[in-house]
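Engineer: Given next are the chains, with one letter for each unit.
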Amino acid sequence: MKEYILLIVGAVLVNNFVLTRFLGICPFLGVSKSISTAGGMGGAVIFVITCASGVTWLFQRFILDPMGLGYLQTIAFILVIATFVQFVELVMKKTTPALHRGLGIYLPLITTNCCVLAVAVINIQANYTLLQSLAFGFGASSGFALALIIFTGLREKIDRANPPQSMRGTAIALVTAGLLSMAFMGFAGLVK
Amino acid sequence: MGPLTTALVVFTLTGIGCGAILAIAARVFAVEEDPRLAEICAILPNGNCGGCGWAGCGEYAKAILFDKAELNLCTVGGTETAQKLAKYMGVTVEVAEKKAAIVLCRGNAGNAPRRFLYNGVADCAAANAVDGGDKICRYGCLGYGSCARACPVNAISMDGNLAMVHPELCISCGKCVKTCPRKLIKLVPESRHLHVFCSSLDKGPIVKKACKVGCIACTLCTKLAPDSAIAMNGALAVVDYAKPITKEAETLVQKCPGHCIQQA
Numbered sequence: 652m653k654e655y656i657l658l659i660v661g662a663v664l665v666n667n668f669v670l671t672r673f674l675g676i677c678p679f680l681g682v683s684k685s686i687s688t689a690g691g692m693g694g695a696v697i698f699v700i701t702c703a704s705g706v707t708w709l710f711q712r713f714i715l716d717p718m719g720l721g722y723l724q725t726i727a728f729i730l731v732i733a734t735f736v737q738f739v740e741l742v743m744k745k746t747t748p749a750l751h752r753g754l755g756i757y758l759p760l761i762t763t764n765c766c767v768l769a770v771a772v773i774n775i776q777a778n779y780t781l782l783q784s785l786a787f788g789f790g791a792s793s794g795f796a797l798a799l800i801i802f803t804g805l806r807e808k809i810d811r812a813n814p815p816q817s818m819r820g821t822a823i824a825l826v827t828a829g830l831l832s833m834a835f836m837g838f839a840g841l842v843k
Numbered sequence: 048m049g050p051l052t053t054a055l056v057v058f059t060l061t062g063i064g065c066g067a068i069l070a071i072a073a074r075v076f077a078v079e080e081d082p083r084l085a086e087i088c089a090i091l092p093n094g095n096c097g098g099c100g101w102a103g104c105g106e107y108a109k110a111i112l113f114d115k116a117e118l119n120l121c122t123v124g125g126t127e128t129a130q131k132l133a134k135y136m137g138v139t140v141e142v143a144e145k146k147a148a149i150v151l152c153r154g155n156a157g158n159a160p161r162r163f164l165y166n167g168v169a170d171c172a173a174a175n176a177v178d179g180g181d182k183i184c185r186y187g188c189l190g191y192g193s194c195a196r197a198c199p200v201n202a203i204s205m206d207g208n209l210a211m212v213h214p215e216l217c218i219s220c221g222k223c224v225k226t227c228p229r230k231l232i233k234l235v236p237e238s239r240h241l242h243v244f245c246s247s248l249d250k251g252p253i254v255k256k257a258c259k260v261g262c263i264a265c266t267l268c269t270k271l272a273p274d275s276a277i278a279m280n281g282a283l284a285v286v287d288y289a290k291p292i293t294k295e296a297e298t299l300v301q302k303c304p305g306h307c308i309q310q311a
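Protein sequences, first through last, are from chains S and F.
According to my numbering, the first sequence is numbered sequentially starting from 652.
According to my numbering, the second sequence is numbered sequentially starting from 48.
Just so you know, the hints here were simulated from the structure itself, not pulled from any lab data.
Please note: incorrect hints may appear among the correct ones.
Stretch-level coverage of chain F by chain S, calculated; a stretch enters the list once three of its residues show a Cβ under 8 Å from a Cβ in chain S [said to hold, decoys possible]:
hint	region
1	49-61
2	108-117
Within a straight-line C-alpha distance of at most 20 Å, the following computed EDC-like cross-link-like pairs (lysine to aspartate or glutamate) qualify [as the list claims (entries may be wrong)]:
hint	chain 1	residue 1	chain 2	residue 2
3	S	Lys744	F	Asp81
4	S	Lys744	F	Glu106
5	S	Lys808	F	Glu144
6	F	Lys134	F	Asp81
7	S	Lys745	F	Glu106
8	F	Lys290	F	Glu144
9	F	Lys270	F	Glu295
10	F	Lys145	F	Asp170
11	S	Lys745	F	Glu144
12	S	Lys744	F	Glu79
13	S	Lys744	F	Glu80
14	S	Lys745	F	Glu79
15	S	Lys745	F	Glu80
16	F	Lys230	F	Asp287
17	S	Lys684	F	Asp170
18	F	Lys255	F	Glu237
19	F	Lys145	F	Glu237
20	F	Lys233	F	Glu144
Here are some chain S residues pointing at chain F (derived, C-beta under 10 Å) [as the list claims (entries may be wrong)]:
hint	residue
21	Phe710
22	Ile714
23	Leu730
24	Val731
25	Phe735
26	Phe738
27	Phe838
Where is the CB? At the ideal position from N, CA and C, for every residue including glycine.
Make a model of the complete structure from these sequences and hints.
Structural biologist: And the structure:
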């Protein structure tokens, strides 16, 4: 149990996917204008990455490894993740329309996002078991959601503080992201 | 089998498998939508501004179909959309005149001085919370642009610390009306151009100290306007938009000693 908690904490804080590994920057900057959309996006990312880590782990173990096709991992994972997300979206639309209204528009956005793929690849490279992969996927995506929501809060505040004309928009957003990333360096060494 | 053949076979099969799963899922989990819903959506402007009171055009279309919502609530499409909807639903509809928002204040930086230097977040509600705002006038536009940020179509610009609505862009969704902490913004019929550009309920001497353009409650306009089309609300002249003002407009603008009756 301790091992899984460490894995999750490590992925959320120490090796935060956005702020330490610099993955998934596109949605990080793109969907961080208002808290409600950031929340929806964060939820969708947690859902997709956690499920995708499980699916890709199974695909690697039972199809790619026995066939000796490990070198085609990237293509295979994109294919599997994309199919999986589309499938879940269809099922969700039918069975839980409320959840679909909340997450639906964000699901296709992150289908083949680099941080989704990175979690899947890291799971294999680190030789995680299936449960470890799921825990790592959940931790990594929660870290993404956390970073996204903190960043959105900061951006909302900054927008109202009237920054100088030349700094408005993306410029000040990038500076903020850099500072936030440095703040997260404080967690280095929390999990060995 | 060589590595190339293996890869080709495995990936072709995987691809076909994935395709098949999605194809089956699309059939099994297909959601039946009322076809009329898409057609009503096509009539609506699809700006999703929320001016009708629903979350977006899709939700309004649902409300029209299933909850018998009024057909003339789309402020963006106005008469045209309401009539198309009525034709589609096979009913007649009363159409309200198209409206546009207007900021009833002319107290820009030059006209209305400030009491103190406000240095907080650039938001009108926040500025208004600090000792009732930084302007001497307790009723005028604070100029921090909350309405401009709330506007979904960028129809409000900030001009010398004063919000100005561009009526040709306004879709009269009413978001700015709700946002303004001082309730300065009103939706008025688009055909009307004569307004009292002041919202101060203070009496004359106080208004004179606070702003160069303000209603000093002289009641001159109420006498000049026909059929009491301008009436006093306490110490403030207010235009009654239900009554027409035509040839008297120019006289009113010239005679108003507070210079707050203007043509826009």
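Engineer: Next, verify each hint and record whether it holds.
Structural biologist: Consistency of the hints with the structure:
| no. | hint | result |
| --- | --- | --- |
| 1 | 49-61 | holds (count 6) |
| 2 | 108-117 | violated (count 0) |
| 3 | S/Lys744 / F/Asp81 | holds, 15 Å |
| 4 | S/Lys744 / F/Glu106 | holds, 16 Å |
| 5 | S/Lys808 / F/Glu144 | violated, 39 Å |
| 6 | F/Lys134 / F/Asp81 | holds, 18 Å |
| 7 | S/Lys745 / F/Glu106 | holds, 18 Å |
| 8 | F/Lys290 / F/Glu144 | holds, 14 Å |
| 9 | F/Lys270 / F/Glu295 | holds, 11 Å |
| 10 | F/Lys145 / F/Asp170 | violated, 29 Å |
| 11 | S/Lys745 / F/Glu144 | violated, 41 Å |
| 12 | S/Lys744 / F/Glu79 | holds, 11 Å |
| 13 | S/Lys744 / F/Glu80 | holds, 12 Å |
| 14 | S/Lys745 / F/Glu79 | holds, 9 Å |
| 15 | S/Lys745 / F/Glu80 | holds, 11 Å |
| 16 | F/Lys230 / F/Asp287 | holds, 17 Å |
| 17 | S/Lys684 / F/Asp170 | holds, 17 Å |
| 18 | F/Lys255 / F/Glu237 | violated, 30 Å |
| 19 | F/Lys145 / F/Glu237 | holds, 6 Å |
| 20 | F/Lys233 / F/Glu144 | holds, 15 Å |
| 21 | Phe710 | holds, 8 Å |
| 22 | Ile714 | holds, 7 Å |
| 23 | Leu730 | holds, 6 Å |
| 24 | Val731 | holds, 7 Å |
| 25 | Phe735 | holds, 9 Å |
| 26 | Phe738 | holds, 5 Å |
| 27 | Phe838 | violated, 30 Å |
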